[in-house]
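Enquirer: One letter stands for each residue in the lines below.
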Amino acid sequence: MSDRPGAKILGFGGYQPDQVLTNDDLSALVDTNDEWIRARVGIQSRRVARDDETVTDMAEAAGAKALAASGLEPSEVDLVVVATCSPETPLPNVAAVVAHRLGIPSPGGYDLNAACAGFCYALGAAADSVRAGTTRNALVIGAEKMTSWVDWTDRSTCIIFADGAGATVVGRTEPGEPSGVGPVVWGTAGDQADKIRITGRTGALTQDGQAVFRWATTAMAPVALEACRRAGVTPADITAFVPHQANLRIIEAIAKKLGIPRDRVADDIIHAGNTSSASVPLALARMAEQGRLQPGTPALLIAFGAGLSYASQVITVP
Amino acid sequence: MTDQEILSGLAEIIEEIAGTPADEVTPAANFVDDLDIDSLSMVEIAVAAQDKFGVEIPDEQLKDLKTVQDVVNFVSKNS
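If you read the sequences in order, they're chains F and A. Okay, so the first sequence: first residue is 1 according to this note's numbering, each after it adds one. Okay, so the second sequence: first residue is 1 according to this note's numbering, each after it adds one.
Just to be clear, a hint being listed does not mean it is correct.
Unchecked claim - Label-pair distances were calculated between CB atoms; the ranges are: (1) 256(F) - 26(A): 22 to 30 Å; (2) 19(A) - 236(F): 21 to 29 Å; (3) 36(A) - 222(F): 27 to 35 Å; (4) 2(A) - 199(F): 46 to 54 Å; (5) 3(A) - 178(F): 54 to 62 Å; (6) 2(A) - 232(F): 41 to 49 Å; (7) 15(A) - 262(F): 17 to 25 Å; (8) 222(F) - 12(A): 18 to 26 Å.
I should point out that these hints are in silico values taken from the structure, not numbers from a laboratory. Predicted, not measured: the structure shown is a model, and the values here were computed from it. Even for Gly, the Cβ is constructed at its ideal location relative to N, Cα and C.
Sequences are here, hints too, so could you generate the full structure?
Expert: Spelled out as structure tokens, the structure:
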């Protein structure tokens with residue numbers, strides 16, 4: 001038996017900006033309506049950050065909540081990983097600034113860009129770092145201001161993307177305690193790199209929606225199954241399925257392929273929109289708040305998006 | 001595979017994905033106008049058709065298939 005520690009989740013936190021953008025608001029901007037958006041994507045409302053509200057601000061807010069939920073002191077955290085593809089500037093990174101603002105004294109810190117797959121990638125990397133003995137406690141955040149990259153005249157994207165942040169704290173298991181974060185299954189499909197893109201420094205986000213829909217609804221269930229297998233569970237054991245909140249129909253299609261009942265499936269997109277790498281941790285934080293997570297049971301996470309990239313793992317609900 | 005077999009296989013798929021009763025899936029039925037099936041559901045139908053009939057329907061060709069008979073013809077021609 002290895003004497004290396006396992007990794008486990010210690011708590012969740014989520015943050016959504018105050019400003020609500022409804023489907024009716026959007027129908028004043030582009031040719032769309034509430035019924036069409038609900039049928040096609042599943043969103044009823046989403047949040048938009050203030051002009052002066054940054055990805056770092058949102059990451060800090062979610063991070064603070066996750067830290068509080070974990071019961072740890074900031075000084076006990078020695079790694080901060082921020083998954084984001086929408087930072088205001090390439091440097092300094094978000095992680096170093098957030099760590100400082102949260103009073104975490106000089107942890108390892110880096111940002112990770114795997115687009116919408118970012119949080120599950122970051123969680124995988126952080127959990128590996130804990131298991132390797134490199135890290136005692138990691139703060140893993142997904143934070144995005146996607147509305148900065150949206151063309152508000154393009155109804156195929158401006159109805160979907162939104163802003164927010166979610167976070168989790170990953171710590172070490174006690175000796176003899178089972179692993180609380182399963183091995184990550186991650187990958188890329190670079191042959192479809194052109195399907196979701198932002199061109200140049202100031203270009204807007206565009207995507208080939210049908211191609212992405214086809215890929216997500218066919219290629220992701222096998223990845224989720226592999227993550228279950230590596231964690232030693234089956235979909236029947238999963239008490240909460242939290243896929244990236246890209247589109248309610250994608251979520252439902254993948255859940256159906258896995259045979260997971262609808263009431264165990266996160267549908268945070270309805271009131272959050274697609275917040276890229278923030279969507280999985282935000283959904284987890286909300287489910288935790290609503291008492292929909294069963295402590296000690298396995299939850300299945302899968303995130304996927306531009307790259308195309310994907311990552312999936314099973315976690316034990318704290 | 002006969003056209004009738006393809007049609008009934010397709011009707012099963014459409015019932016499963018869109019909830020449309022199989023007996024409403026007639027050859028002349030237009031996906032958008034008659035069956036209220038949007039482009040995302042068409043992708044799901046194409047994927048299910050590939051599983052069932054072994055015929056791939058790429059997105060570029062899918063958009064030209066407007067009626068049930070169009071899909072039956074496509075599958076028949078390519079199987």
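Enquirer: If any of the earlier hints don't hold here, list their numbers in rising order.
Expert: none
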